[in-house]
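S.K.: One-letter residues, chain by chain:
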Amino acid sequence: MGNTNCEEIKQQAEQELISVSDKQALEALRVKYLGRKGLLAQLMSVIPSLPVEERAAFGQAANVLKNELAELFDQKQKDMVSGAHKGNQAAVDISMPGIACDIGNLHPITQVIDEICNVFSRMGFSIEDGPEIETEFNNFTGLNIPLDHPSRDAFDTFYLKPNAGSNEKLLLRSHTSPAQVRLMKSRKPALSVVVPGRVYRPDAVDASHSFMFHQVEGLVVDKHITLAHLKGALEEFAKAVFGKHITMRFRPHFFPFTEPSVEVDISCIICQGKGCSVCGKKKWLEILGAGMVHPNVFKHVGYNHKIYSGFAFGMGVERIAMLKYGIDDIRLFFENDLRFLKQF
Amino acid sequence: MKLIYNWLKDFVGIKTSPLELARRLTMAGLEVKAVEEKDGDFVFEIEITSNRPDWLSVIGVAREAAAVTNSKLKIKNEKIKIQKPKENQGVKITIEDKKDCSLYTAKIIKGVSVGVSPEWLKKRLELIGCRSINNVVDITNYAMFTYGEPLHAFDADKLASYEIEVRRANAGEQLVTIDGVFRKLDKDILVIADKQQAQAVAGIMGGKSTEVTASTRNILLEAAIFDPVLIRRARRKLGMQTDSSYRFERGIDTQTALVSSDYAARMIIQLAGGNLICAREKGATKILKKTISVNYSSVQRILGASISPALMKNILAALGFGVKGSKTCFSVTVPSARQDVEEEVDLIEEIARIFGIENIPAEVPYVKPQPRARTRFDIISKTKNILIAQGVNEAITYTLIDRKLLELFSWPVDEAARLVNPLSEEQEFLRPCIIASLVRAAALNLKQKQPLVELFEVGKIYTAGNNEELVLGLVLCGKKSVVTQEAVVNIKEGFLRLKGIIQNLFSGLGIAQPEILFNETTAGFKVKLNSKEIGQFVKVSSAALEAMDVKYQEVYAAQISLEEILMQALPEKKFVPVSIFPAICRDISFVVQENISFKQITDLAHKTAGLLLEQVKITDIYRGKQIPQGCKNFTVSCVYRLPNRTLTDLEVSPIHACVVQALTQALSAQIR
Ligand SMILES: [Zn+2]
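Which chain is which? The protein sequence lines are V and L, in order. At position 159 of the first sequence the residue is numbered 159 (this note's numbering), and the sequence of numbers has no breaks. At position 593 of the second sequence the residue is numbered 1593 (this note's numbering), and the sequence of numbers has no breaks.
None of these hints come from the bench; they were simulated from the model. Treat the hints with caution; some may be incorrect.
Listed next, the in silico BS3-like pairs over lysine-lysine satisfying Cα-Cα at most 30 angstroms (straight line) [to be verified]:
(1) L:Lys1532 <-> L:Lys1551
(2) L:Lys1289 <-> L:Lys1324
(3) L:Lys1015 <-> L:Lys1002
(4) V:Lys281 <-> L:Lys1289
(5) V:Lys282 <-> L:Lys1072
(6) L:Lys1074 <-> V:Lys223
(7) L:Lys1123 <-> V:Lys282
(8) L:Lys1324 <-> L:Lys1313
(9) L:Lys1076 <-> L:Lys1324
(10) V:Lys342 <-> L:Lys1447
(11) L:Lys1289 <-> L:Lys1072
(12) L:Lys1195 <-> L:Lys1282
(13) V:Lys274 <-> L:Lys1123
(14) L:Lys1002 <-> V:Lys342
(15) L:Lys1313 <-> V:Lys299
Note that the structure is a prediction, hence the values are computed from the model and not measured.
Just chain L, same shape as in the assembly (with noise of 0.2 angstroms):
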């Protein structure tokens, strides 16, 4: 909101510099944006909160002013007199539902002359950006900025008679509004109508038809409240944001509504003429009066300053609040413009507002020490810590996804969750796989010509029930190579890779290795710990990479829940001891048939030779010109050792035979 220096200085009596008092309407909770000087006056740029209404008015801005700056408020409510109507026009007001409309007031002003304002209300009008239209338009305007409270002046000579309905639009009805705009309206919004059809919409704009223009001779001005959430609807409905609806729907009090309605009254006679003929006012005039009771202690235990009554009391009275004190306690009389103010903490705030928060103390509190077993926080942190060791950088992607991608990755569209009111078609879905996302990512890297990508994300992945769960994804394309403790190996196999940053994210976490089988449906593989099945290895299709530009690449991808991983990582640990005898090597080449798996090796070595067998290395495995079509080489090592006493090569070498032997036969090896 803009507002003007010396507008304010109209209703309150400071001597404050306009940077002196931003300065002190920000510290007490009316943020001044920016203080621009132009055509020798003062515009704030104002932000003012959904809480606020009072706010929303160089006069509710002025008690503010007054009470920051120990300045004496200058308002003065005048009453205004009516002329004795000369004839019997008097103005017929129903209201069908007063939860919609609890106040209308309607003044009949005859014999006006509509013409431009005067300089001084014209340049006000423009420098807090609203465009001058003519005299009585700009004293409704003129007296909203003042008072808060939204005015409407209709042509009274175009409405069917002078009787007001307030009244929820029929179904079908229609109105073009002062903008030019043609309005369907319907039952959720609420009209002003006279005998025959809507004539404004209420509280946010006026009709065309009725509008005040330079012909017009008398007029019809109102002075309403309407229910805020209806004004809120309505104006959600119909697209429309005006000064008037943005006051409306944060609420405006009766005394508001009848003093401004008095205050443009005179204000359009003093400049445009005519005379008041009549003035009506149908629904809640009263004005209720709220009181609070605040209890001294309960000021030191919410704000931790010790704050002496006296004080509070001067802070309270300053702000416009009626306050009678006693022993422990301060009855507050809620002015009604503090609509706001409901309880007592609410009084609170107002004594720590104008106290100022920066005189409160600082105090870094005791907090009681929680019992601290690991939480999941810590054990993502671990896992995040494992696998960026590993050379896998981190990412951070969009959980919202569009069909296309789901499409892409062959998720059934029906089955993911979704949005009732996407932003855009982009993120209409909530991704049910975290893989889709971070090749995503892995393509912009593969574009930039980046040689190797290796990415993962601990991030959410969402179910058609609306379930969420915590995953964790993983991307690789490219040529790394890896040194190993027996060598520099270079990585084609996207697959084992996948595997063995798994492998050492398992291990890391104390977790038993989990079981990697071949699955038949995506060609891939699926992770299972303890027989459940906890995640995928893809390599993901050519399709999808080539719709998003990546050719010639193979990308792996994998997808494992945390859940449970979350619930088993890291246990209690216990020492093995490590053996102090030293371990004989046997190194065996051989070639074998491709179909022949590294395990049935392993497996078969190690049922040959028994306990005295410690581990199969594999150092090298080499298919090419030397090997037969369909045949691998495999050079394994072969570690013995007994963690009770050193072995002999008189023992290892008959037993090492055995598994040579047991390589022929069983595997049909080819030792070389």
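Excised from the complex, chain V in its bound form (with noise of 0.2 angstroms):
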């Protein structure tokens, strides 16, 4: 009678343990049995009721109880704590979407633009702005490109409707290189800034040209500044965003703000150099012009060119998001489909 007892007991309290998920629970359930006035107390106190005979038994009988659901408990304090719940359902299904506030994305352009700034900024850089509209001195004349002459083809501008009564002619920057005139105008070297920012140019949209795009300005000017610096600086700033892997080439070019002037290559990124549809054959992709300031600029803007040097450099923000996402063309950065802006 008292075995029959006493297992039901146990199957009672085995039953009760499983659907048990928390201390809280484990610990009503273990007062309801072991508690001094729990089941098994009830139990016990029967004991002095019983026959003489059949009292040692039943206290044997009991204790043993004790034992078993004592180790119960404590196998389920164990089973908790290590979070095994063996055989049975995850409380959770964590293959469902997880759930978190949405967060917007940068622009992939913004993002280049503030890695590509970062760079300098650590070289001891500020960042600057300045603006679209401009006139006709600071984006030609100041930068020693003559008003007639082939190499302002590369530069090709929109002009705008002049305001009333006025001579002056204005336009929408096509290049950032202005902005070197303005803060050159109104500060004194020594002078080490990057320029960010929209610049324009008639040109025929299609993948891989916009009559609208963004370029980083640098300008660097200083006693001592040399074409060595140059490369110095570009050279950190190619690797950090490019990877410390590459390989650079500075060639000789044109441009008429400064002298010398380099346009600057770096291996190509996607085939390694063993040439591609981006890179051609040439295995090179061109990612900047750069060069010392002509002293045409330096006397334009007022500082004595026999004492500063400096050098300046611009490059696409559009083309270094190209090669460095993969992306193959332009309008893509411009028509802001949210599957196109959320993948970077």
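Since each chain comes alone in its own frame, lean on the hints to assemble the complex.
M.R.: So, in structure tokens, the structure goes:
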């Protein structure tokens, strides 16, 4: 009779333990069975009323039950701590979508501008801006670009309807370089700045041309600034943005506002120099133009070119973004399709 | 420009392979884009920068090739013999303005037989993409590609007389050019004329009627120098670019003109027969020698590499410069073909090119640390980051827009800044407002069936006086759930979503919250900061949306001027101690008329409860079945707290009762 009772209590405890999932419930159950007024205590309390010959056996059975229950509870507690619900389903279907607030994305162009500017910022450059509506002087003359010269073709420009009563020709800047003129006119050397911004050229829109795009301009002016510094700064930049493994090449080139001028190529990051559709068979990718500030530019802004020297550079942000991310159509940047924007 | 290896080898004794030569030329600034093996020769595709007209010729490239490969040039300039004229047939040249034409030379060659060119000549021209016409025309082209000076041969018998005038075209003057196109000329265009009429557009193309054909017996061979600016303008005006205009625009020197004329004449006589009867030159034939001094120290100062004076001298000499050295500097004489070289730095560049920029060390500059106050860039970055943290995506849209978009958004077309030379009607105007461009971007996404579109842009807008202003644009469309401190809220109210985003932005930037006031004209809202209007909230008209194929959608947008914000943003922060004493919250649910605003409720509660009431938070707003028409049910939570001690229920209960009473009395609220 006593054994039957004990067996029932044990089974009941096992049953109830299954659904227990937290400490409090376990504790409550422990009290229910093993507490001072628990089921086991009640069971023991009948011992004195039993015939003497049964007492020992009953007491023994109750003791066994007590130990078994204690073990059950201990085991349950261990299982709960180790979190092992062996064979059971997890409480949560973790394959469901996670729950989080939506966050937006910075435009890839902004991300690339930030990355470029951060590299130079770490070298001590400050980040400035300049207006998009510019004067002919700042966009051309001040930069040693003669008004009627073939070099102007490279900087074909949108002109604005002039203001009433004004003869000053205004235009949408065709490069960020007019910011150089502005900064040098308003400040004394030494200068070390980068200027990101939008620029405009009358180019028909296709996969690789846009009438609006972004550039980052850079300018350093001080005593003793040399072409060696230009190379050093731009190598730091290219390795930071495109990776340490790239190789670089500085080709002499022509820009009216710098001399000597260079175009800077990096080894193709797509084919690693085997030749591909992006680099052609050249294995090099042109990423920016640069050079030593032309003495005529210094003359225009009132810097003494015998004392000061400097280097300047300019790069197309879309081009760099396209190379970095493998984007093959410049128009994607300005369509703002969320399926595009969300990728970066 | 195309150029062939063997043609180059006529003038320079190079042993370097075509590919290696291409690499060396590229690294010296003459970028070889491609090398193609064709018909037993190699065709180089070269990109020539606009400052180096001398490279637009085989001889120019040969000079460079000699310098970069340490090879010998093989250029001989032979003078040509002029036969005694059999008849007295001199040419008379009149130049109207020496500024337009500084030199004009004419040679009369009589008795030529015009026919096909020899195979080698045809092949060379064809390899560089020039169609063979006949021996005389081919030779003028061949001489042009060799020397860089464009030449022109007239059928001398078709000229009215041997009197050449170089003058501006008369008003209304006309000419059919060799390409068969009828050209209207004007005073901005320079022409070569006989006594009667224009016979060629100077420096660009000859006339059809004096073209050299199979029947031509006598020719007038022209070599001249025209003003580059004039040629450039005329070329643009006439909309035609030729190999000739391309070279004249970039500039040609006297020496080249004289030498190539002789070269072509000699070749014509060799290959087409005939005799040189007369040679005339008018204008400046003397070659001015420029001398520039180069300090050794300047080279080091600009390049940052130490190059020995001996090496500098070798480099300059190899490029054809005359060099005389002293202790500190060179005196450099510039060859006439190098009109681009004007000052010391031009020669420093020459030294750098041939020395090899790859041989100049790279050195990270020490940049003087700038006083790094927060810049506009930093604040704009922060602005963008606050916006993306709220789930809004950054867009970049075109700042140039079309008339249609202006009209759709009811912007007065006359007041918009406008381009003089737009590429197309699509990009004629500078946007006066950022909203239109963003709505267009939103429309594209809605057409892609995006359920939720929230975009922002930081960009410029422009006003009639050609001024620009940096603004923030926002556009919202679609349903969104937002988790607030109290609950997950489904946003249907676009204006409140705009308000929420802007409020987060302002507090993130540390600026006082803006006032948002109803705008009767737009039925939207004005945003004011320090009583200055800085922006607008609008609901986009369904007409504008429908024009963009967007139907059954509500689109909300905002434009906020950033100039004021940039001035005030990110002030120094001050810590306000947080209360360590617990709050007591009491909820009230009540029905009020629809016209009662939340602000009226909170104002009244604060007025009634005084300092004990810390905040009134809204937990729910409900309109529906159990609520009478024209009413709404608010559930608000009044948070009572003191900064310096714990409040008791006994203190709060009577005050809260007063709040409840005030609501029922002043706002006719029905407590539920
Ligand atoms: Zn590649």
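S.K.: All hints, please: hold or fail.
M.R.: Here is what the structure says about each hint:
1. L:Lys1532 <-> L:Lys1551: 35 angstroms, violated
2. L:Lys1289 <-> L:Lys1324: 14 angstroms, holds
3. L:Lys1015 <-> L:Lys1002: 20 angstroms, holds
4. V:Lys281 <-> L:Lys1289: Violated. Lysine 281 of chain V to lysine 1289 of chain L sits at ~43 angstroms, over the 30 angstroms cutoff.
5. V:Lys282 <-> L:Lys1072: It holds: about 29 angstroms lies between the C-alpha atoms, which stays within 30 angstroms.
6. L:Lys1074 <-> V:Lys223: Violated. Lysine 1074 of chain L to lysine 223 of chain V sits at ~44 angstroms, over the 30 angstroms cutoff.
7. L:Lys1123 <-> V:Lys282: Distance ~27 angstroms between lysine 1123 of chain L and lysine 282 of chain V Cα, so the pair holds.
8. L:Lys1324 <-> L:Lys1313: 8 angstroms, holds
9. L:Lys1076 <-> L:Lys1324: Holds: lysine 1076 of chain L and lysine 1324 of chain L sit about 24 angstroms apart, inside 30 angstroms.
10. V:Lys342 <-> L:Lys1447: Holds. Lysine 342 of chain V to lysine 1447 of chain L sits at ~17 angstroms (cutoff 30 angstroms).
11. L:Lys1289 <-> L:Lys1072: With Cα atoms ~24 angstroms apart, lysine 1289 of chain L and lysine 1072 of chain L stay inside 30 angstroms; holds.
12. L:Lys1195 <-> L:Lys1282: The hint holds at about 17 angstroms.
13. V:Lys274 <-> L:Lys1123: 33 angstroms, violated
14. L:Lys1002 <-> V:Lys342: 45 angstroms, violated
15. L:Lys1313 <-> V:Lys299: OK: lysine 1313 of chain L and lysine 299 of chain V at ~28 angstroms, within 30 angstroms.
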